[in-house]
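Protein chains: 2
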Amino acid sequence: MTKRIITISRQFGAGGRTLGKLLSDKLQVPFYDSEIIEHAVAETGFSPEFVREAGEYASTTHSFLFNLALSHSVSAGPGEMSNYDKIYVAQARIIRDLAEKSPCVIVGRCADYILRERDDVFSVFIHADDAFRAKHVLEIYGEVEGKTIEERLEEKDKKRSLYYRHYTDREWGDLQNYDLTFNSAKIPVEMACEWIAQAVSG
Amino acid sequence: MTKRIITISRQFGAGGRTLGKLLSDKLQVPFYDSEIIEHAVAETGFSPEFVREAGEYASTTHSFLFNLALSHSVSAGPGEMSNYDKIYVAQARIIRDLAEKSPCVIVGRCADYILRERDDVFSVFIHADDAFRAKHVLEIYGEVEGKTIEERLEEKDKKRSLYYRHYTDREWGDLQNYDLTFNSAKIPVEMACEWIAQAVSG
Chain A
240 MTKRIITISR QFGAGGRTLG KLLSDKLQVP FYDSEIIEHA VAETGFSPEF VREAGEYAST
300 THSFLFNLAL SHSVSAGPGE MSNYDKIYVA QARIIRDLAE KSPCVIVGRC ADYILRERDD
360 VFSVFIHADD AFRAKHVLEI YGEVEGKTIE ERLEEKDKKR SLYYRHYTDR EWGDLQNYDL
420 TFNSAKIPVE MACEWIAQAV SG
Chain B
240 MTKRIITISR QFGAGGRTLG KLLSDKLQVP FYDSEIIEHA VAETGFSPEF VREAGEYAST
300 THSFLFNLAL SHSVSAGPGE MSNYDKIYVA QARIIRDLAE KSPCVIVGRC ADYILRERDD
360 VFSVFIHADD AFRAKHVLEI YGEVEGKTIE ERLEEKDKKR SLYYRHYTDR EWGDLQNYDL
420 TFNSAKIPVE MACEWIAQAV SG
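Line by line, the protein sequences give chains A and B.
For the first sequence, our numbering assigns the number 240 to the initial residue and increments by one for each residue that follows.
For the second sequence, our numbering assigns the number 240 to the initial residue and increments by one for each residue that follows.
What the hints contain is simulated information worked out from the structure, not anything from laboratory work.
All clues stand as given, with none of them false.
Identical chains blur together in the list; that is why a pair holds if it fits in one copy or across any two.
Simulated pairs of lysine to aspartate or glutamate, EDC-like, Cα-Cα distance not exceeding 20 Å:
no., residue 1, residue 2
1, 397, 410
2, 397, 413
3, 397, 369
4, 395, 413
5, 242, 368
6, 325, 274
7, 260, 272
8, 398, 413
9, 398, 272
Since the structure is predicted, the reported quantities are computational estimates derived from the model, not experimental observations.
Turn these sequences into a full structure, and let the hints guide you.
Okay, structure coming up:
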């Protein structure tokens with residue numbers, strides 16, 4: 240395949256994980272979702288719980304300068320980083336290593352940005368309207384006491400958006416950052432999976 | 240086909256017009272580009288030259304309130320509208336009439352927004368990096384004295400973006416407004432044409 244790495248960014252409940260699994264099966268390449276990356280980062284010494292929260296939902300307000308130290312190693316100036324930044328640096332390194340190792344599908348965690356300088360990456364964003372996502376989230380995760388489904392959708396996307404903007408200085412959902420974006424309420428993920436397989440093999 | 244109308248928004252030089260023609264041929268439905276809409280609007284009494292410029296590139300700063308008067312007729316309160324607003328109202332009415340008449344492909348002119356309440360619209364945005372678009376624009380339109388190709392790309396997209404934001408109160412290029420967006424430097428328009436035909440027929 241021409242494009243070795245597929246990154247998937249997604250609104251909560253739009254079907255990003257399902258698409259990732261379908262593509263992984265179709266193309267016979269590994270699939271790395273947030274949990275797998277969290278697990279890898281946890282090996283650096285942070286608790287899995289902290290990594291889960293901090294690694295995609297941190298919305299801290301400190302400067303972007305630490306990005307300068309990201310190139311290849313977590314060892315550059317870690318003394319001045321917050322734990323949030325350390326998690327970001329560790330997961331960026333892990334994502335780069337995974338991409339280097341073999342063709343794969345990676346969901347979430349700013350992978351599109353982290354791998355932006357590779358010329359073998361195909362980046363996808365999947366979204367849908369609230370009604371479609373609400374139904375999907377309730378089917379998969381069920382109800383959460385004390386929160387409406389609308390609040391859950393908004394909260395999760397808001398956090399992802401803030402996190403993405405904080406660490407990438409780009410807007411989450413700016414279509415220019417993606418090779419393909421689609422509305423899963425109108426285009427079934429199975430159909431999009433076929434399209435993406437065709438595009439990366441072309 | 241389930242989705243009768245396809246709207247195409249596009250960065251300058253990304254291939255939106257080519258895609259529109261391909262889809263029109265493939266689906267055997269009429270193709271309306273900016274020139275055709277300009278021509279129709281000009282029948283309301285404005286000069287074709289003014290319509291061409293004002294109908295997609297006006298970046299005036301007046302209020303959005305006139306949108307309230309848009310529903311079906313240009314006759315609602317035209318006395319208080321600028322000529323820019325009159326052009327917008329006229330072309331919105333023409334686009335709604337075209338969409339009502341038969342399945343079709345419409346390029347540009349905020350058609351995605353104007354037809355947003357129909358449930359039979361499939362909206363597409365096509366974009367590409369500057370290098371790809373520069374090559375494409377020079378091939379089709381040639382050089383323009385006194386302006387670099389980079390200036391031409393930036394100027395045209397900036398105007399389209401301001402115009403869209405002004406008349407729709409949405410961001411041009413916010414992927415949530417489109418069912419499908421794609422990078423034509425990575426996905427050939429011929430491939431995307433096949434996908435879109437599949438999606439609207441599904």
